[in-house]
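Participant: Given chain F, work out where chain L should sit, using these hints.
Number of protein chains: 2
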Amino acid sequence: MAGLLIKNALIVPMDDCSRAEDWFKGDVAIEGSLIKEVGESLQEKYPSFTVLNGQDSLVMPGFINCHTHAAMTMLRGYADDLPLMTWLEEMIWPREAHLDREDIYWGTQLAILEMIKSGTTTFADMYFYMDETAQAVLESGIRASLSRGMVGSGATAELALEESVEFIQTWQGQGEGRITCMFGPHAPYTCPPAYLERVMALADDWGVGIHIHLAETVDEVAKITKQEGLRPVELMDSIGLFQGRHVLAAHCVHLSEKEIEILAKNKVGIAHNPESNMKLASGIAPISQLLEKGAFVGLGTDGAASNNNLDMLEEMRTCALLHKVAAMDPTVLPAKQVLRMATKGGAKVLGLEHVGSLAVGEKADLLIFDLKKPHLTPLYNPLANLVYAAQSSDLKTVIIDGKIVMQERQVLTMDEERILFEAEKRGQDLIHKK
Amino acid sequence: MAGLLIKNALIVPMDDCSRAEDWFKGDVAIEGSLIKEVGESLQEKYPSFTVLNGQDSLVMPGFINCHTHAAMTMLRGYADDLPLMTWLEEMIWPREAHLDREDIYWGTQLAILEMIKSGTTTFADMYFYMDETAQAVLESGIRASLSRGMVGSGATAELALEESVEFIQTWQGQGEGRITCMFGPHAPYTCPPAYLERVMALADDWGVGIHIHLAETVDEVAKITKQEGLRPVELMDSIGLFQGRHVLAAHCVHLSEKEIEILAKNKVGIAHNPESNMKLASGIAPISQLLEKGAFVGLGTDGAASNNNLDMLEEMRTCALLHKVAAMDPTVLPAKQVLRMATKGGAKVLGLEHVGSLAVGEKADLLIFDLKKPHLTPLYNPLANLVYAAQSSDLKTVIIDGKIVMQERQVLTMDEERILFEAEKRGQDLIHKK
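Quick mapping for you: the protein sequence lines, in order, are chains F and L. The first sequence finishes on residue 505 if you use this note's numbering, and the numbering steps up by one all the way, no holes. The second sequence finishes on residue 505 if you use this note's numbering, and the numbering steps up by one all the way, no holes.
Calculated from the structure, these hints are not laboratory results. Keep in mind that the hints are not guaranteed to be accurate.
Unchecked claim - Covered by chain F, according to a simulated footprint, are these stretches of chain L (three or more residues, beta-carbon under 8 Å):
#1 144 to 157
#2 257 to 270
#3 346 to 356
#4 388 to 400
#5 452 to 458
#6 485 to 491
Idealized CB from N, CA, C, for every residue including glycine.
Pulled out of the complex, with its shape left as it was, chain F reads as follows (with noise of 0.2 Å):
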């Protein structure tokens, strides 16, 4: 079977295992969705392989955004500033209200195209009409862990069972195992206790993970607190929630000393979303603590209406930037720390194997980037590099499950005048229904 081999590249393997140094030059040889080999002067080994060239540029796994909700696209721009509730209810909810099947096909077609374009290679996601969000990923090449979103009192609580068991039947291992499902009770103050206990039972029956925004806000802690008499992780640890399953857990912004110890014990996945957290004021997380006892962190971009975009190079930045000052501590959170948070890290937030490095028989998920740049010059570490100067833009050529999905900026599954010309009018539309 025929593959590819990158060549003479500089190489960010982000993978301790195989070697002592964080990067060195070399060649990586892919075949089928696989990393075959990572090593020097592989031409001669492969010489079937397609190869491209691999001057000047860096190599590294693609970037996992543990956290989105794609088709608010549809909504970037659209109110921003705002106190929270007024964002929420006066303007997000009720334009969600109208978005349709193809609206969340189109908005998702859009997101994906632009996390291609920033070297996001896997994401996790809930929102709804899910169905769409899935067509839109098996078309794009894209991997991805898909979530319907569940709120779990009124009307839709029975349905949204019913529909995620139908989801979970009907997507999970699909487009070659790029798509995986779990279960997306949206947090404890919308789903009760006896509710998150039904789901627990499903997840289980089904072997999938439960993916829920915990801990977000002030407001959300002072709520639970009232309402059950223990903080929003203490009511998910009492009913046993991350009890012999894989949950992911976005936000944890206000969390107890033992609320942390009870996460970092039960290895719960902890999706870290920086620039939204900092938009809504929802508050800082305490991830150099969270990282310290130990606990499975990784990076998400939350939805582009309060981000407003979804590049994972930008939310490294941030991230690393946003906790050096909140600790008073340069040392906080280095560049490596950070790099790992976006790939490995977010492998085994999302509870995926075989992703998010270069080590031999990992999915062949990775980016090159450019590097004559300016932004990008001299070249002294690539690591500092990646995370404190590089854009999107830098980057060259996406590969996801082995296949060559970006190829000069051009998205090679995706129409993008046609995606930009959909989410255009849809959007204008959008905001202007009554």
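Facilitator: Same frame as chain F, now just chain L:
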């Protein structure tokens, strides 16, 4: 005299006086170095002007980077994630000691190349071998306010005064007025009051301003307070630094209520450098309090060794997000206010009249962005898209002083390939010097 006409663009003038709207569709006419007219259907009125098609484009004033050390691009990514004093004393200062005149020239060329490509049309610089910096400014076509950095004690204190005067004599007003000069006493902790008083007298003789680092770190405040019995801004006020002359104060992170009042009352130009302050863990400047009191606040990147790029779009976004979370209030520093800091607000901070907006009679320093990008779609609010979603690679064309300096991302006044080659070669030599 023939001119330029940008036709059918989305215009963001950052000029409160002429129109009620923050953006509108229209044309911009440029004659010589000035903005001649902003309005609709101007082509008939200026039939001889060269037309630039503004379809699907956004036009706005160029960014003003209020504080940097341009040639420190030579130390980009050389030292990161270190304690402040280790970073300075063991890494940065020993390498700076090896920088020669040609390094400064090529390092500044690299910085200007990066700045033009990310939309900066004016920058304020303080460093050494400033003739080289000025030469690079002259050749590149950018606008700059330049200061020879001065340390007011030790062997070079007198030389710094002499060379500063010589520098100002030589360069003030050069490049058809694109170059302006200031005195650059480094900081209160490196320049004793008696020395600063001599600088003040010289600044008044030469009719120029003073560029100084002020209240950057907790250590500085502690040191000055112990030595002088006053906090840094109080000390500067007590010697009359702010009276009757223009002062550009970089950082202003650690301020008492009284010091905020002093800075606001005296209309001191404050260069806020959020990314540098975050990366070095210096602290969070009280920007919303300063703005509330009517202080003049602009944005800067600081040098590339503590940022690590010179990207004002990124700096705007970080600024807006940082202060929202610091205040736990998402309404703090809305997009328009941050855009103002990066344009007209910055001009006031540098004491430059006639730059920073698209008002008639202003210097024609402006940017043309391509709006047909996934991360800028849909387009509901151009100000939000600029601050929260745009990237410098969205910028197509840069005009400074009425001349096109970048077209389709090619900087016409600079040799990009040569600059990258020289900077890389000199950088690798620099970090290996004994």
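Participant: Taking 8 Å as the C-beta cutoff, is the stated coverage of the stretch 257 to 270 of chain L by chain F satisfied by three or more residues?
Facilitator: violated (count 0)
Participant: Counting residues of the stretch 144 to 157 of chain L whose CB is closer than 8 Å to a CB in chain F, do you get three or more?
Facilitator: It holds: at least three residues are needed, and the stretch 144 to 157 of chain L offers 10 whose Cβ sits within less than 8 Å of chain F.
Participant: Do three or more residues from the stretch 388 to 400 of chain L put their C-beta atoms closer than 8 Å to C-beta atoms of chain F?
Facilitator: As far as the stretch 388 to 400 of chain L goes, the hint holds, because 10 residues have Cβ atoms under 8 Å from chain F.
Participant: Cut-off 8 Å, C-beta pairs, minimum 3 residues; does the coverage of the stretch 452 to 458 of chain L by chain F stand?
Facilitator: holds (count 3)
Participant: Three residues minimum, CB to CB under 8 Å: does the stretch 485 to 491 of chain L make the cut for coverage by chain F? Let me know.
Facilitator: holds (count 3)
Participant: How does the coverage statement for the stretch 346 to 356 of chain L fare against chain F, requiring three or more residues with Cβ below 8 Å from a Cβ of that chain?
Facilitator: Coverage by chain F holds here, the residue count being 9 at a Cβ distance below 8 Å.
The structure does not agree with numbered hint 2 stated previously, though it agrees with all others.
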